[in-house]
Amino acid sequence: MAEAAAPLPQPAAGPRDGPLSRLSDALWRRPRVLLVLLLLPPILWLGVIYLGALFALLAQSFFSIDEFSGVIVREPTLKTYGELLTPANLDIIRRTVLTAALVTAAAAVVAFPIAYFAARYARGRWKAVFYLGIMLPLWSSYLVKVYSWKLILAKEGILTWALDSVGLLWLLEAWLALPGVGGNSLSTSPTGTFLVFLYVWLPFMILPIQASLERVPVSMLEASGDLGARPDQTFRHVILPLAMPGVIAGSIFTFSLTLGDYIIPQIVGTSARFIGLAVYQHQGTAGNIPLAAAFAVVPIVIMGLYLWWAKRQGAFDAL
Amino acid sequence: MPSAVEFRDVCRFFGTVRAVDRVSMEIAEGEFFAMLGPSGSGKTTCLRLIAGFEQPTHGEVRIFGEGMGGVPPYRRAVNTVFQDYALFPHLNVIDNVAYGLMIAGRGRQERRREAEAALDLVKLPGYGGRKPGELSGGQRQRVALARALVMKPRVLLLDEPLGALDLKLREQMQEELKALQRKVGITFVFVTHDQGEALSMADRIAVFNEGRIEQVGTPEEVYNRPARPFVADFVGSSNVFPPEVTHAVAGRRAWASLRPEAIRIVGQGRPARVVATAFLGTATRLHLEMAGRDVTALLPRGAVVPEPGETIEIGWGDSDLHLMEGP
Numbered sequence: 048m049a050e051a052a053a054p055l056p057q058p059a060a061g062p063r064d065g066p067l068s069r070l071s072d073a074l075w076r077r078p079r080v081l082l083v084l085l086l087l088p089p090i091l092w093l094g095v096i097y098l099g100a101l102f103a104l105l106a107q108s109f110f111s112i113d114e115f116s117g118v119i120v121r122e123p124t125l126k127t128y129g130e131l132l133t134p135a136n137l138d139i140i141r142r143t144v145l146t147a148a149l150v151t152a153a154a155a156v157v158a159f160p161i162a163y164f165a166a167r168y169a170r171g172r173w174k175a176v177f178y179l180g181i182m183l184p185l186w187s188s189y190l191v192k193v194y195s196w197k198l199i200l201a202k203e204g205i206l207t208w209a210l211d212s213v214g215l216l217w218l219l220e221a222w223l224a225l226p227g228v229g230g231n232s233l234s235t236s237p238t239g240t241f242l243v244f245l246y247v248w249l250p251f252m253i254l255p256i257q258a259s260l261e262r263v264p265v266s267m268l269e270a271s272g273d274l275g276a277r278p279d280q281t282f283r284h285v286i287l288p289l290a291m292p293g294v295i296a297g298s299i300f301t302f303s304l305t306l307g308d309y310i311i312p313q314i315v316g317t318s319a320r321f322i323g324l325a326v327y328q329h330q331g332t333a334g335n336i337p338l339a340a341a342f343a344v345v346p347i348v349i350m351g352l353y354l355w356w357a358k359r360q361g362a363f364d365a366l
Numbered sequence: 120m121p122s123a124v125e126f127r128d129v130c131r132f133f134g135t136v137r138a139v140d141r142v143s144m145e146i147a148e149g150e151f152f153a154m155l156g157p158s159g160s161g162k163t164t165c166l167r168l169i170a171g172f173e174q175p176t177h178g179e180v181r182i183f184g185e186g187m188g189g190v191p192p193y194r195r196a197v198n199t200v201f202q203d204y205a206l207f208p209h210l211n212v213i214d215n216v217a218y219g220l221m222i223a224g225r226g227r228q229e230r231r232r233e234a235e236a237a238l239d240l241v242k243l244p245g246y247g248g249r250k251p252g253e254l255s256g257g258q259r260q261r262v263a264l265a266r267a268l269v270m271k272p273r274v275l276l277l278d279e280p281l282g283a284l285d286l287k288l289r290e291q292m293q294e295e296l297k298a299l300q301r302k303v304g305i306t307f308v309f310v311t312h313d314q315g316e317a318l319s320m321a322d323r324i325a326v327f328n329e330g331r332i333e334q335v336g337t338p339e340e341v342y343n344r345p346a347r348p349f350v351a352d353f354v355g356s357s358n359v360f361p362p363e364v365t366h367a368v369a370g371r372r373a374w375a376s377l378r379p380e381a382i383r384i385v386g387q388g389r390p391a392r393v394v395a396t397a398f399l400g401t402a403t404r405l406h407l408e409m410a411g412r413d414v415t416a417l418l419p420r421g422a423v424v425p426e427p428g429e430t431i432e433i434g435w436g437d438s439d440l441h442l443m444e445g446p
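Chains X and E, in that order, are what the protein sequence lines are.
For the first sequence, our numbering gives the first residue as 48, with consecutive numbering after it.
For the second sequence, our numbering gives the first residue as 120, with consecutive numbering after it.
These aren't lab readings, by the way, just hints derived from the structure by calculation.
Accuracy of the hints is not assured; some may be wrong.
Facing chain E, a subset of chain X residues (Cβ under 7 Å, in silico) [said to hold, decoys possible]:
no.	residue
1	117
2	118
3	269
4	272
5	280
6	286
7	288
8	307
Note that CB positions come from ideal geometry on N, CA and C, so glycine has one too.
Please model the entire structure based on the sequences and the hints provided.
Given below as structure tokens:
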């Protein structure tokens, strides 16, 4: 056997020249410094600009406006919150919350089967088609989508035409004749507002539900069946509770986005005001910043109550 | 009396893959039956065919004489302990164990009582209030076992139940599972790729390879009298000699198996060169080269271990060379 070559002498540590390697060595020895450097910019952004602006707005809600001069009185008072309780403003809040709740419930029902299919059965190319189908509408302009829906829902629109050609126009007319949900045409009825909200926010419901269902292993569904549960029982006792965090996450999106939107109710529907629209008008044309701020607090309080309730119902147990 | 489980010429194909290929076997009531094989050998698919998660492409699975064609998992009197345990993360331990009873519509009191009895049985009393996420791997395994046993299945299926446990716990659970099976007296069907586990626990073993059963027999039969080269090699890593080698060493033209522990260093025998040695604790494994063939030998503890490069003389008893069918 040939004699093995003597091993080359190697330094115990590699070379350390250049300011960049010296810097990285120094940071490696003090990981906390690195952490602070990495976290400082986002914390400044989030803390000062993002939350700061929010708290500045909330502080405004405790000011009031002088009714004669229109000047903001910078003294803490609950007078502005009292104004929220006038019948007209309560009506706005009630309408917005009801619509948001209906949109959320409908979105959950429509999104669940789509998300379930994507999580359980779609593979490879079909998964790509699914993501594209969900994301594509999000890439196009929100205004374009809303105006397209106005055309679809209009009296001369494709929906009316399609229903007419299959002889179901009477159904649409009967629906539009109903008080509360009906109107002149779909595009000028609360039903139209609801449909457009549902369409625009649906992806925000599908994606979190799909993500939560992806994390449910098949063996868990098999275990349920193995223990005697029919598929419907497995759905009720295993799939739904495990998907609940996703449903709640999705509903936070659909609910809060509907609560705050001020464009869709202006374009499609009866032009009855929603919270978002009220905020927009009070801080803009009316110059009543305190009342606008008080209106802005309403969705925050509602979302807080909603999350508290969801937690109590055990919606986050599977997290 | 019908067998607990019977496979009649069962095939299960996935596209062109023959996961299970014409398997016929019978598992008797009260038996601890192991399905042993490497991954992809079809043993887990066979278990899933019994549970009902898979349907045979061809042939029939019978449970206590009843054909299971078209019978969904939730109507079968068998329960499964899953490899990943598949505990429900949103339910606490007692609700996990009582899940099947809840589905069956039993009352709250009864469910609780039976679930607690099942937890006692698997030596996990007082853990009912915890969530699966708060348990160790061994504890989760016990919960999975209790959840299946509480249903009083006629056949309990176990899919690599000890695979995720560390060595010490695995040995302890082997003994406990065996004792548990004797206590409850139901048929256990057990899938494993660990030959030691199968040998130490099972009453009978079916050795799987490429979707087929190579041999069914007691641990002693499978170990001492392997039917084919695959069994000899897979169970106990035997030295497998093709016919020409057997002819050279024993004068018979047939496949043969020679257990490593049967090989001894003798004064006068067959010369073999030591290629490498490995200390295993209880024994030392020798990697030898005998007449151009690799041979493995196992020296008991305390024996003098030769150095690599040395040439030694080896021998074995006549009855140690076991003749078998070809592959």
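Hint check against the structure, violated hint numbers in rising order: 1, 2, 6 and 8
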